[in-house]
Amino acid sequence: MDVNILLAFLIPAIAIIGIGIITGIVVSRYLKDKAEERKHQRVEVCPKCGGKIKKQKVSFNEDMGFEVAEIVCENGHEETVILK
Numbered sequence: 002m003d004v005n006i007l008l009a010f011l012i013p014a015i016a017i018i019g020i021g022i023i024t025g026i027v028v029s030r031y032l033k034d035k036a037e038e039r040k041h042q043r044v045e046v047c048p049k050c051g052g053k054i055k056k057q058k059v060s061f062n063e064d065m066g067f068e069v070a071e072i073v074c075e076n077g078h079e080e081t082v083i084l085k
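Just so we're on the same page, my numbering is the position in the sequence shown counted from 1, plus 1.
For the record, the hints were derived by calculation from the structure and aren't laboratory data.
Among these hints, one or two may not hold up.
Said to hold, decoys possible - Simulated pairs of lysine to any residue, SDA-like, Cα-Cα distance not exceeding 25 Å:
#1 K33 to G77
#2 K49 to S60
#3 K56 to E45
#4 K56 to L32
#5 K49 to I83
#6 K33 to A70
#7 K49 to E80
#8 K58 to E68
#9 K55 to V69
#10 K35 to G77
#11 K35 to K49
#12 K35 to G52
#13 K85 to V69
#14 K55 to T81
#15 K55 to E45
#16 K56 to I83
#17 K55 to I83
#18 K58 to V73
#19 K49 to I18
#20 K58 to V69
#21 K53 to L32
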């Protein structure tokens with residue numbers, strides 16, 4: 002097979018893959034930045050017992066596409082809460 006023909010097929014394929022990777026990185030960074038901006042959203046009370054929250058970790062769940070808060074209340078309940 003002629004090398005020029007092979008390159009004619011490979012170069013566009015490599016370019017498309019590169020663009021896809023760059024686009025994925027940009028989208029991922031954008032979503033993470035949005036999650037950082039909205040970290041001020043906090044769960045005030047335990048959804049199970051109404052107790053005070055001792056520990057809370059807010060993160061963006063890329064699989065589901067929204068933010069979740071992992072909380073621990075003063076009574077020991079561990080919950081994962083979806084943030085709006």
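Checked hints:
1. The hinted pair formed by K33 and G77 fails the criterion: a straight-line CA distance of about 29 Å is larger than 25 Å.
2. Between K49 and S60, the direct Cα distance comes to roughly 21 Å. Compliance with the 25 Å bound is thereby established for this hinted pair.
3. For a cut-off of 25 Å, the pair hint linking K56 to E45 stands: about 11 Å separates their Cα positions.
4. For the suggested pair K56 and L32, the alpha carbons sit about 24 Å apart, so the restraint of at most 25 Å is met.
5. Under the criterion of a C-alpha separation no larger than 25 Å, the hint pairing K49 with I83 is consistent with the structure, at around 14 Å.
6. Distance restraint check for K33 and A70: the Cα-Cα separation of roughly 15 Å lies within the 25 Å cut-off, and the hinted pair is therefore satisfied.
7. Restraint check: the Cα-Cα separation between K49 and E80 comes to about 9 Å, which is no more than 25 Å; the hinted pair holds.
8. With a C-alpha separation of about 10 Å, the suggested pairing of K58 with E68 holds against the 25 Å cut-off.
9. With a C-alpha separation of about 16 Å, the suggested pairing of K55 with V69 holds against the 25 Å cut-off.
10. At roughly 30 Å between alpha-carbon atoms, K35 and G77 are farther apart than 25 Å, so this suggested pair is violated.
11. A threshold of 25 Å between alpha carbons decides the hint, and for K35 with K49 the separation of about 28 Å lies outside it, so the pair is violated.
12. For the hint linking K35 to G52, the alpha-carbon distance of about 29 Å lies beyond 25 Å, and the restraint is violated.
13. Distance check on the hinted pair: K85 and V69 sit about 9 Å apart at the alpha-carbon level, within 25 Å; holds.
14. Of the pairs offered as hints, the one joining K55 and T81 holds, with about 14 Å between alpha carbons and a cut-off of 25 Å not exceeded.
15. Between the alpha carbons of K55 and E45 the distance comes to roughly 10 Å, so the proposed pair stays at or under 25 Å and holds.
16. Only pairs whose Cα atoms come within 25 Å are accepted, and K56 paired with I83 is accepted, the gap being roughly 16 Å.
17. In summary, the hint linking K55 to I83 is supported, as the alpha carbons are separated by about 18 Å, within the 25 Å threshold.
18. This hinted pair checks out: K58 and V73 have alpha carbons roughly 9 Å apart, not beyond 25 Å.
19. Distance restraint check for K49 and I18: the Cα-Cα separation of roughly 47 Å exceeds the 25 Å cut-off, and the hinted pair is therefore not satisfied.
20. Proximity of K58 to V69 is assessed by CA-CA distance (about 8 Å); at most 25 Å being required, the pair is judged to hold.
21. Under the criterion of a C-alpha separation no larger than 25 Å, the hint pairing K53 with L32 is inconsistent with the structure, at around 29 Å.
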